[in-house]
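Produce the entire structure from the sequences given, and follow the hints as far as they go.
Take 1 as the starting number for the sequence shown in our numbering and just add one per residue.
Hints are computed from structural coordinates only; laboratory data are not their basis.
Note that the structure is a prediction, hence the values are computed from the model and not measured.
Hints may be right or wrong, so weigh each one.
[Claimed, not checked] Below, computed lysine-lysine pairings styled on DSS-like, alpha-carbon distance capped at 25 Å:
| no. | residue 1 | residue 2 |
| --- | --- | --- |
| 1 | Lys37 | Lys19 |
| 2 | Lys19 | Lys9 |
| 3 | Lys9 | Lys25 |
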Amino acid sequence: MFKMVENRKPYEQAFFASKPLWFTKFLRTFFFWQLIKFMIINFKMTLMLLRSHRG
1 MFKMVENRKP
11 YEQAFFASKP
21 LWFTKFLRTF
31 FFWQLIKFMI
41 INFKMTLMLL
51 RSHRG
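Written out as structure tokens, the structure is:
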């Protein structure tokens with residue numbers, strides 16, 4: 001039923017992260033996308049604070 005996984009050795013292919021796509025790189029470096037994400041996160045934090053201080 002279950003297959004035993006052998007111990008992996010360091011520096012094998014399974015230890016490395018995959019290479020990001022061009023679109024992922026683009027979004028990570030695009031200023032306006034970062035600004036939008038920043039505003040969304042701040043809005044969520046503000047809502048959380050308002051809910052916790054209500055009473």
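Hint-by-hint comparison with the structure:
{"no.": "1", "hint": "Lys37 with Lys19", "in the structure": "holds, 22 Å"}
{"no.": "2", "hint": "Lys19 with Lys9", "in the structure": "holds, 21 Å"}
{"no.": "3", "hint": "Lys9 with Lys25", "in the structure": "violated, 30 Å"}
Violation of the numbered hints given earlier is confined to hint 3; every other hint is satisfied by the structure.
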